[in-house]
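Asks: Sequence:
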Amino acid sequence: MKILIICTGNSCRSQMAHGWLQWYNPALEVFSAGTFPEKEVNPMAIEVMAELGIDISGHKPVSVEEYLEEKWDFVVSVCDDTLETCPTFNGKVRHRLHKGFEDPARFRGTPEQVKAKYLEVRDEIIVAFKSIAEAIEMEMEGSIVASHGGCACGGSCGC
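Be aware that the sequence shown starts at 914, since it is given in our numbering, and climbs by one per residue.
Keep in mind that the hints are not guaranteed to be accurate.
Said to hold, decoys possible - In the DMTMM-like style, the derived pairs of lysine to aspartate or glutamate whose C-alpha atoms are separated by at most 25 Å in a straight line are:
no., residue 1, residue 2
1, K952, E1033
2, K915, E942
3, K915, E1054
4, K1012, E960
5, K984, E1054
6, K1030, E964
7, K1030, E951
8, K1005, E942
It should be emphasised that the hints constitute simulated quantities derived from the structure, not laboratory data. On a predicted model such as this, the values are computed, not experimentally measured, just so you know.
Go ahead and model the full structure; you've got the sequences and the hints to work with.
Replies: See below:
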């Protein structure tokens, strides 16, 4: 399954979702992109994901333009702005999903309050993407059954 997660800057929310989903199910091909990508991944996003043992420090913001011609099983937008600014995908997209999250980079407060906001958004992303991952897994199981003439082997019988 090939999944693209998009937001505006591809520096925070989409990167956290990308890192978590890839960690949760390494069999998935997970990518993320932004409609107006930043220069680098937000350091606080890297920090709060590292607390879970998920390393996104090597991720780089990418423009969604790079992925418009590709085929996707799922395209998931994680901020409301992308609903208005996302260009049209010319490749085939099987499922489009949207789950908006507050942008923690816009939050202002003490360093402790800012980190708390990042942790809050990270945890909201994990809850939402756990449900999305379960739906993807069901889709994958359905594809296996369909490709095996409807038998219940789960792809192991060689039919």
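Asks: Now tell me if each hint is right for this structure.
Replies: We went through each hint and held it up to the structure:
About 24 Å separates the Cα atoms of K952 and E1033, which keeps this hinted pair within 25 Å; it holds. Distance hint between K915 and E942 is fulfilled; the C-alpha atoms sit about 5 Å from each other, no more than 25 Å. Annotation: proposed proximity of K915 to E1054 holds, straight-line Cα distance about 15 Å (limit 25 Å). The hinted pair formed by K1012 and E960 meets the criterion: a straight-line CA distance of about 23 Å does not exceed 25 Å.
Between K984 and E1054 the CA atoms are separated by roughly 20 Å; this keeps the pair inside 25 Å, and the hint holds. The suggested pairing of K1030 with E964 holds, with an alpha-carbon distance near 15 Å, which does not exceed 25 Å. A distance of roughly 20 Å separates the Cα atoms of K1030 and E951; the hinted pair therefore holds under the 25 Å criterion. Between the alpha carbons of K1005 and E942 the distance comes to roughly 16 Å, so the proposed pair stays at or under 25 Å and holds.
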